[in-house]
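Position chain B relative to chain A; hints supplied.
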Amino acid sequence: MNAGIQPVEPESIVDFFAQTLPFSELDHASLVRLVRHCLVDFFPARTRILRRGISDITGLYIIQKGAIRLFMEEEGTLLDIRSEGASVGALSLFKDEKAAWDAETVEDTFVIQIPRQWFFDAVQRHPSLSRFYLRSFADTYLSRTFEEMRCKPVSAHDDHSMHFLSTPVADLVSREPVSVGFGLSIQAAAREMIRHNTGSLLFREPCGSICGIITDTDLRKALALGLDTQAPAETIMATPVESIDAGAVCFDALLAMMSKNIHHLLVTQNGQPRGVISSHDIMLLQGRSPMSIFREITSRTSIAGLYPLHARLTPVVRTLVQQGARAGNITRMIAVVNDQILVRVVELLEQEFGPPPVKFCLLLMGSEGRREQTFATDQDNALIFDNCVADFQERAAEVYFSAFTERLVEHLVQCGFPRCPGQIMASNARWRGSLEVWKARVTVWTSTPEPEQVLASSVFFDFRGLYGHKDLATQLRTHVTEACAGRDLFLRYLAADCLKARPPLTFFKNFMVEKNGEHKNTLDIKARGLLPFMDFARVMALRARVRETSTLGRLEQVQAGGFLSRDLYHEAREAFEFLLHVRLMHQLQQMEQGRTPDNRIDPGALSALEKRTLREAFGVITALHGVLREEFHLNMG
Amino acid sequence: MLRQILNYFQGKHQARTALPCMQDNNALARAMNQDQALDAYVYTVVDTELTGLLARKEEIVSLAAVRVQGLRIVPGEFVYTLVRPAIPLPKISTLIHRLTPELLVDAPALHEVLPEFIEFCRGTLLVGHHIGLDMRFINRACQRLYGQRLANPCLDTMRMAMLWRDRNRSSQYGQFDTRISYTLADLAEEFGLPRFPAHNALGDALQTAYLFIYLARKTARTTPLTLRELYRAGQRWRWYV
Chain A
1 MNAGIQPVEP
11 ESIVDFFAQT
21 LPFSELDHAS
31 LVRLVRHCLV
41 DFFPARTRIL
51 RRGISDITGL
61 YIIQKGAIRL
71 FMEEEGTLLD
81 IRSEGASVGA
91 LSLFKDEKAA
101 WDAETVEDTF
111 VIQIPRQWFF
121 DAVQRHPSLS
131 RFYLRSFADT
141 YLSRTFEEMR
151 CKPVSAHDDH
161 SMHFLSTPVA
171 DLVSREPVSV
181 GFGLSIQAAA
191 REMIRHNTGS
201 LLFREPCGSI
211 CGIITDTDLR
221 KALALGLDTQ
231 APAETIMATP
241 VESIDAGAVC
251 FDALLAMMSK
261 NIHHLLVTQN
271 GQPRGVISSH
281 DIMLLQGRSP
291 MSIFREITSR
301 TSIAGLYPLH
311 ARLTPVVRTL
321 VQQGARAGNI
331 TRMIAVVNDQ
341 ILVRVVELLE
351 QEFGPPPVKF
361 CLLLMGSEGR
371 REQTFATDQD
381 NALIFDNCVA
391 DFQERAAEVY
401 FSAFTERLVE
411 HLVQCGFPRC
421 PGQIMASNAR
431 WRGSLEVWKA
441 RVTVWTSTPE
451 PEQVLASSVF
461 FDFRGLYGHK
471 DLATQLRTHV
481 TEACAGRDLF
491 LRYLAADCLK
501 ARPPLTFFKN
511 FMVEKNGEHK
521 NTLDIKARGL
531 LPFMDFARVM
541 ALRARVRETS
551 TLGRLEQVQA
561 GGFLSRDLYH
571 EAREAFEFLL
581 HVRLMHQLQQ
591 MEQGRTPDNR
601 IDPGALSALE
611 KRTLREAFGV
621 ITALHGVLRE
631 EFHLNMG
Chain B
1 MLRQILNYFQ
11 GKHQARTALP
21 CMQDNNALAR
31 AMNQDQALDA
41 YVYTVVDTEL
51 TGLLARKEEI
61 VSLAAVRVQG
71 LRIVPGEFVY
81 TLVRPAIPLP
91 KISTLIHRLT
101 PELLVDAPAL
111 HEVLPEFIEF
121 CRGTLLVGHH
131 IGLDMRFINR
141 ACQRLYGQRL
151 ANPCLDTMRM
161 AMLWRDRNRS
171 SQYGQFDTRI
181 SYTLADLAEE
191 FGLPRFPAHN
201 ALGDALQTAY
211 LFIYLARKTA
221 RTTPLTLREL
231 YRAGQRWRWY
241 V
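Note that the protein sequences, when read in sequence, are chains A and B.
By this note's numbering, the letter at position 170 of the first sequence is numbered 170, and the numbering carries on one by one without gaps.
By this note's numbering, the letter at position 4 of the second sequence is numbered 4, and the numbering carries on one by one without gaps.
Take these hints with a grain of salt, some might be off.
[Claimed, not checked] SDA-like mimics (lysine to any residue), calculated; alpha carbons at most 20 Å apart, straight line:
no., chain 1, residue 1, chain 2, residue 2
1, A, K65, A, Q19
2, B, K218, A, D108
3, B, K218, A, I63
4, B, K218, A, R48
5, B, K218, A, L39
6, A, K65, B, L71
7, B, K218, A, A45
8, A, K65, B, P108
9, B, K218, A, D41
Since the hints were derived computationally from the structure, they do not count as laboratory data.
Isolated chain A (complex conformation) (with noise of 0.2 Å):
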């Protein structure tokens, strides 16, 4: 090239790249290099471009202006209708086949071609290329998905551009572990935290392992319970120790400190300690902390002072959400906290009241024993509580329990969790009972399934204990695996229920909204897109035996146990984990508006990412309804 020419490329080709998935992805040298070697096509509308099994595919079609279509001729369907930012022909690329479909311009449509050599030159480089392609619901184009939705603007705080949720524990280990033999004085373990600075010390036994620990709080205890400093250290220690893999993310090792109340985590790699973070460790990464809202829990000791706790929820979620924390953790996050509340209020509660007749436990239902909740959720609860030895203690706790409850349920409201409008809670009678009687309400429900019953019954099925004595919830737990198993009637009922609820999506997969009324326009996220995953998953669990009560947890087990492809778990996860993003979004930016949330979501509002990334997430709902046709033989009906 002459010194006169500049090497410019035509930049706006290679933005209009910088758009379009999957080559967004690359780096702006490598998309250069993409573009200096394809080229720009035009064909004028209803031009046939492929003929299936005859065309060859020279090259990968991106749509940079117009329409697609592509449909089988002889058979007369019309597959897909593939509109700008599409591409066109990568599956019979990689196959090295010829194309496998009939494709037709809709309207007058530029595209651009990457010519075959230069297409796999690419894909060589960039592997996420043919992630891309290969994968019918892919990782990376979710997350870019994500990416789009966290940037959204509402909130000031828009420089959080730190991930510390995905940062690897073991990047927060700063040095080796201070570990000590067994042998010394209390006195001596301080002298040596001292010395090493360290706010935790750990226990070597003589073999190696490291099975104990001493933190600041341990000498503050012995010290406040007078012992003496020259006793042994061991008697203060902490025994086992906590630890956490290496490869987790801060987000699980925040989630193990708050739910176990600990401070200190050991971090192990392939079973080796690799030294010992704090909470401290990870609240220096991270800007408003979920931790704080979880101290002032504990720290509260009236329950009205716990009441405006939970709607500080919102600015942590906003954090949390900006941060890169994916739907699935928030959620299991906002359990966390709002299980805190409960227990908290229950336990002061316990305290007004008394030690109760007999030993009971607070079940959670619904959303909330599922570990799904986001903000707008009510009480979904029960009480079970001792099979009575005599008839004064069944009413004793008859009365103590009724009173009890009554309380519990007004408390929670306080505390921003409004009435179940079932009257799906403790406080209910039927929703209350000893465990005999229990069991002997699943039975009913297992053996005489009638619709009412099935639908009155397909909430409890998500229930796990939350407070008092948990060995009852898994002996009811128990008693419901035992109850389901030989009842193959009464699963085929739950699973014909599932098949009512049909994907939001019309014949040419645009999305069904309400055509009129106050919420036209919208979709309700909840009712058609996240609970065909939810009822999916409960009757699945049930059939495999699994006892897990989290979708994504059942879905996982399910697989686990071979009713489930590999793939569509994948996809189902992905597309629960998408659904519970879109309306977590939803609901956090009706929040910040100070409106009331709700699940109700404007399509014509998201970006065409979103749209199309929604609209793959409700396709993943008819294959699963495929799996329960299948598995529960409904073909028939």
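What follows is chain B alone, placed relative to chain A:
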């Protein structure tokens, strides 16, 4: 003759020498077979930004060309450069193409970039939107520097657009519709083409290339069209040779 003498005195530091690639190009251009289908030719889509519209005294400030082959745009093959004009840059032109005198200070002069540009056009058909104007400027420089003009046949997308409109006009009255615009941006809008930044030589060249393949494919839709037929169809085609 007078012009040549004047040019000779003006360009005394630039000897008027025949350029080998220029002669090569012109020989190829004159021998071009006009009876092939449109997609058999190689095209060079040209656009320039100017200091003004009068070829006699204004100058080129930016020059771009994009390759079209088989009626497909090859975005990887293109030339684009800024050009330092010999005359002061009028403010009014800066307002149009956003090229400031400062930007052009380090740009090469036209005689430095022309050889490569001619090499790029070698033996191809030239295409442009109202290409007559661009060619007047380019040929004036060629004449002055190398003593001959480019012999490449030219296609004007503006005339092609007129032709296309004539064919598709639904009523006779449309002929007198004064609202009809033939600017590049308006045509691109009307035909629904992908848009590129206007008044940037490369952007306009690309935009013209899109317009060209659109019109060429549309016009040749029903029957394959040869270059000669296209010329005949647009009776007012001129050869800017």
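Tested hints:
| no. | hint | in the structure |
| --- | --- | --- |
| 1 | A:K65 <-> A:Q19 | holds, 13 Å |
| 2 | B:K218 <-> A:D108 | holds, 9 Å |
| 3 | B:K218 <-> A:I63 | holds, 18 Å |
| 4 | B:K218 <-> A:R48 | holds, 14 Å |
| 5 | B:K218 <-> A:L39 | holds, 19 Å |
| 6 | A:K65 <-> B:L71 | holds, 17 Å |
| 7 | B:K218 <-> A:A45 | holds, 9 Å |
| 8 | A:K65 <-> B:P108 | violated, 36 Å |
| 9 | B:K218 <-> A:D41 | holds, 13 Å |
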